[in-house]
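Asks: For reference, the chains in residue letters:
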Amino acid sequence: MAKEKLYPFHVTILTYMTQTGVVMLSLPRILAENFGYNGWMALIGLSGIAALNIFIISLVYRLGKGKSIFQIMEMSLPKFVLYPLYSFIACIWAVTGCIVAKNYVSIFQMISFNTTHVMLLKIMVDILVYFLVIKGIYNISKALTSFYWVTSWMYLILFFYFKDFEWARMTPFFFSGETHFVEGSMSVFTSFIGYELSLLLFPYVEKGKKFMRAVQIGNLLTTLTYIIICFICFGFYSFEQLKLMVYPMLDLLSYIKLPFIERIDNLLFAFFLFTTVSTIAMYIWASQEIVKRMIPKAKVKVIVILIIMAVFFIAWIPDTIPEIGEWLQYLGYTDTVIAFGLPLMLIAILLVNKRARQ
Amino acid sequence: MALSKSEDNMDNMKPTLQHTLEEFKDCADILHRTLPETGIDMVFFEHLVGSDQFTRDVAIPFMDANGDDVKRLLNRSQYEEMNTNKPFIKAILEGAVAIFHNDRSYVVYVSKPEARSIQQSETEAIITGPHDSFNEVAEINMSLIRRRVKSSHLKSILLEVGEVTKTRVYVLYLDDLANMEYVNELQSRIEKIEIDSVLDGNMLVQYIDDFPNSIFPLIPTTERVDAAVSRLVAGRIIVVVDGSPSVISAPASFFEFFSSPDDYYQRWMLGTATRLLRFIAFIITVTFTAMYVSVTTFHYEMIPEDLLLTLTESRSRVPFPPIYEALLLEATIELLREAGARLPTKIGQTIGIVGGIVIGQAAVQAGLTSNILIIAVASSAIASFVIPSYVMSASIRLIRFGLIILASVLGNLGLMMGIVMVIIHLAGLTSLKASYLTPIAPMNVKDWRDVFIRSPFAWLKERPSMSKSPNMRRNKMKQ
Amino acid sequence: MIPLRKKALLLQLFAALLVLSGCGDEKILERLGFIHTAGYELVPAENSGEPDKLRVTIAVPKADPEGKIKRETMTAVVATSKEARIELSRQTELSLVSGQLRSTLFGAALARKGIGEHIDTFVRDPAISQRVKITVVNGNVQHLLNKRYAEHPRPGQYIDRMLDKEAEAMMIPNVTLYDFTRDYYDDGIDAVAPIIREKGKDITIDGIALFQGDRYVARIDPDDSLIFAILRQNFKRGEMSINLNSLGYGKEKLLFSSMVSSRKIKVNRGENGGLSVQIRMLVKGSVLEYVGDLKIGEEEDRHKLEKRIAEYLTSNAQKMIDAMQRHKADSIGIGKHVRNSMSYTEWKSTNWDELYPNIEVRCSTEVVIKNFGKFM
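These protein sequences, in sequence, are chains A, B and C. Our numbering numbers the first residue of the first sequence as 46 and each following residue consecutively. Our numbering numbers the first residue of the second sequence as 40 and each following residue consecutively. Our numbering numbers the first residue of the third sequence as 3 and each following residue consecutively.
Chain A extracted, bound-state conformation (with noise of 0.2 Å):
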C-alpha cells in the first residue's frame, strides 16, 4: 500500500497541539503585565506575526517545490557550514522540547506532588515521549488528532464563567498602564511557537496548496483558543488582580464545581497532558529527523533516546520554576529567531540557485 501522506485537517491538529500548552496557564498574566488593562487583543496582531511567519514558510516551500529543507540547504552549502547548524537547530528543539515537559511536571508537582521528585515525573512523561516519536510524524499525527478530540471537550468549560463574567471589568481602556510592548510581544509571541515544525512536514504532506493553508487554520485555531481564554480571564478577574496571579488559567479551572466532582482542576490540568506530550513529541521529533538527516544510518529508536537522554540531562538544571520561566523564555526567543531566520535563508537559496540555474 502506498505510503500514507499528512492530510490538511492533520497538519492543522499538529500546528495547533504543538503551539498550545502549557503557556495558557500565564498568558493572561503576561497579556495583563506587559500590555495593560485589554492586553488580550494584543493576540491579534501576534497571531498576525505567527501567521506572516507561516506565509514565508509557505513561500519557501513553493519556491521549493515540496523539497525538503535539507535538500534545499544541501544544494548550495557544504557540509561544515551545514552541519554545525544543524546541530544548533536540533540541539534548541530538543532542549525546547524537554524544557516544556520539565515546567509541566514542575507545575504539577507544585500543585499534588510535593516530596516527588520532578525528574522522576518528568522520566514519566519522556517514556510517553519515546513511545510516540519512535512511531512516525504519520503516527504522531493520528496520535495527537486523537489528543485533540480527548480534549476538545475542554471548550465547554467556558460556560462555567459566564455568570461572574462581568463587562465593567474589561474596562474601557486599551493598552494602558504599566506596559511594555517590545519585551511583552516577544514573550507572549513564544506562546504561538511551534508552526516552524511545519518546514520539515513537506515531504510528508499530500503536495498542493492545501498544506500550508492547514497550517494558517492551526494558527488561527490556536489563536481563538488562547483570546478566548484571556478574554474571560481579563472579565473574570479584575486587572489588579490578573497581574497578581502566576497561573490564572489553574484558578479558573478551579473556580469550576460539578455536583459528584468539587475541584475538577485537578483532573483538567491532567488533561494538559495531551498538549504537553503533542508540543515535546513534536519538537523531539523535529530535532530527530534533523539529527537522521546528519547520520542517516543510524536507527531512529536510537536517535530518539539519546536525544531525550541528553536533554533529560540538560533539564536536570534550571531548578525552580522561576528558573524554567527564564529558559523557557529563552528558547522560545531562539525559537522565534529559528521560525523567521531558517525560512528566510532558504528563501535565499532557492533564489540564489534559480538566478545560477538561469
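It should be emphasised that the hints constitute simulated quantities derived from the structure, not laboratory data. Hints may be right or wrong, so weigh each one.
From the structure, some residues in chain C lie toward chain B, with a derived Cβ separation under 7 Å [as the list claims (entries may be wrong)]:
(1) K29
(2) I30
(3) L34
(4) A65
(5) D181
Every residue gets a Cβ at the ideal spot worked out from N, C-alpha and C, and that includes glycine.
Could you slot chains B and C onto chain A? The hints should help.
Replies: For chains B and C alone, coordinates are given in the frame of chain A:
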C-alpha cells in the same frame, strides 16, 4: 524416516492400493473392503462416511454389478478419477470412499460430515433480528452466507491452513466492492502461516494480525451471519475457517468493536442511544476504579462535601491502602466472571449469588473494602459487559488494571499518563495496514454517522472510508 | 520488531513507578483531617506593649463509624497564621489538609485590622479552592465553632449551608475567595462579606460587612440587606418585607416577593467637570401579603403602592449610599462605572478613594408589581 524421504516423489505418483494402505498403516479406523468378483477395492474411514448412504449408493450397486456395470458405474459423474497421490489421500481424509479398479483409482463422496445444528449464538445474542449463527462446518457457514448474498459477485478463495490439520479456509469478498489490495494482503498472510494446526477463527486472527503483541483485537470475529454479511457488503473481506463458528472480518477499526447488528434493527434514535451508551460504558470501565484509587489516594479535594464523610467513614474501616483494596475487589470480580463463564448456567447463578451477596456484603461488613468501591467496581464490571465484542471487553478490562496501578502511584497524572499511553499505542496500530483509529485518525467526519451514532438509513448511503471500496455508494453493484 | 524492546521499556517504566510509589505524597483519605471551617480572631495581648495574638480555630468533621463524634475543633493561639498550622497539627492524629476548606471566619476585630495577609495565604495555596467562603463573625469565633448546637452537630457545615441559602435569597452577597480577591484588587469596587453571630442556640446572619481595602469599616443591617443587594447587582430572586411606616403612610406593611431587580449606574459630567452618579433601579415583584388601606386589586391603588415602595427603596438606598460614602467604602462598584466613563490618564490622575465620598450620587427607583396573588 523412510516415508518422509519418499514423500516428495510419491505425492505425484499414481495412487495405488498398496501405497494407500501403507499411508494409513496404523490407523485402526481405516476400512478396506474387497469385492473379488468385480476386482474392486474400497478404502475409507467408516465414521467419515455415512454408512447407510454408503451401503445404498456404493456398496450394493458394486456388489450386484458385473464387469461392464462397474465401468458404467465408475463413469458416473460423482466418481472422480484421481491421477496423483496427494489429492487422493486428502480426499480420503475428507471423507471420500476410495475405489481401486484395474490400476485406476476413483473417489466418491457419499455423505456430508455430521454437524451441530444451526443455533442461536450464545456469545453474541441479540433481541431482535435473525437468530441463526454459524456452526463448525465451513460449508454450512458458506451456505448461510450465500443464501443471504445472492450475487455472483460473492467470490471465494479456498486456502488451506495447518500443516497437519489441513484446515479449509475460505476467503470471501464481493467483487467490485472489496478493495483487492486487502484481499491479496489477507490471502498472502494466510498462505504464509506455518503452523501445525489452526483450530479456531480467533486463533487464525492472531496469525494474520498486524500487531500480534498488541493488547487490542485488531480483527473482529463474529458468530452472527447477519454481522458477517453486513461487513461483506460494507466492502470488508470475511474469512470462514472450517471447524470454527467464528468468522473473521477485516479490516476493522477500534470503534467497530462497539457496534452490534441490532443497532440497525432498531429505530435509529434507539440505535444511536445504545451506541453512545456503549462508549460511555467504555469510559466507565476504563476509568471508574482508577478514579476511585486516584481520588482516595491523592486528590481528596475532588470529593464533594456530602460524599466526603460517607467515603471516609467506609474507608476508615479498611485496613489497607486504596490500591490493594481496589485490586482485591477487581480480582474477585474477575474470578467470579471467569468461574461463571466456565460453569453451566444453573451453577453460574449460584456463583452470582455467592459473589454478589455473600462476598460483596461480607467484604464491606468485615471491613475489607469500602462500599463505594464496591459500587465503582461493580459498575465498571457491568459496563464492561455492555461492549458487544467479548475479546474487546476482555482487553479493556486488562487495561483497567494498568490504569489502577498508575493511578495509585501518580493519581490523576498517572491515570492520564495511562490514557495517553493507550492512545499512543492505538494510534500506531493498523488492521490489515488500515489505520485502526479510523475515522478519528485519519479524520473522516462522514464516517462518524455510522460510528458514534447510528444515523437514519437515508444518511447511510456510503460505505465506510476504511473499506477503500472502489464502489463507495451503497447501491447497485455497478454504478 | 517492536515487541521485545517495548516490553523491556515497559518494565523499566514499571520499575520506575515502583520506586516512586515509596514517596510520601499520598494523601490517603482516612488519614486526613479535612479542615472544613477555619476561624481567625484577635486575642488582645495580656501585657500592653506586646502585639496582639491570633487565635485560630478549625473545625474538622469526623467520620466516626459509631456515629457519636461528628466533628473536632482545635484551637491554637499564635503570633502568625502560618504558625497555626504547625501548632494545630500537634493536636491531632490526622494530617490536616486544607483542600476541603469551605469557609473561613474572621473575628470582627481582626477584620477591622485587615485580613489581607490571610487572603494572601489562601490564594497562594493551590490546595485551597476559589470557592471558600469569607465571613465576618460578630463575637467570639472560637466559641461559635466550639459550641454544641443541639440541632446542628457540625457547626461548620451548618454555617456553610446557611450562607448558601441566604445568598440564594439575596439576603447576603455570596462572597467566596474569588469574589473577595477580585473586588479587593479591583480599583473600582470594594469587597464585602456577610456577618454572622451566635443567637441563643442557633447562629444567625448579622448583616453585611463593608470593606475598604482589606479592612472592615462598616456594617449593613440585615433588614437593609436587600436594598444593598439591589444596589450592588442584578438579581432574579429575592424577598423583602417593607414597612412603609417610616414614610408616614400609616401602618402599612407588605411582603414584596419574587423580586427581579436590575440597576443601572450612569455617570454624568457636570459643566465644571464635577461628577455626579445616577443609580436607576428597576424592581419587579409580586405582593402576596399586604396590610394597609389600599386595595391592591385595583389598578390605581396598585400604582400608588408602587410609588410608595419606590419612595421607600429610594430613600433607604440614598441613606445607605450616604453611609457608604462616609465610610469611604465603594461597595456597590460606582468606581467601576466612573472608571469606564473616563480615559485612562484621567482615571490614573484621580484619586478615587478621595473623590468617592464627595461625589453626588442620586438614586431613583421604579417598582412594578407584577401580580398580587390569586385574590382581589
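Asks: For every hint, state whether the structure bears it out.
Replies: Evaluated hints:
no.	hint	result
1	K29	holds, 5 Å
2	I30	holds, 6 Å
3	L34	holds, 6 Å
4	A65	holds, 4 Å
5	D181	violated, 19 Å
Consistency note: the structure conflicts with earlier hint 5 alone.
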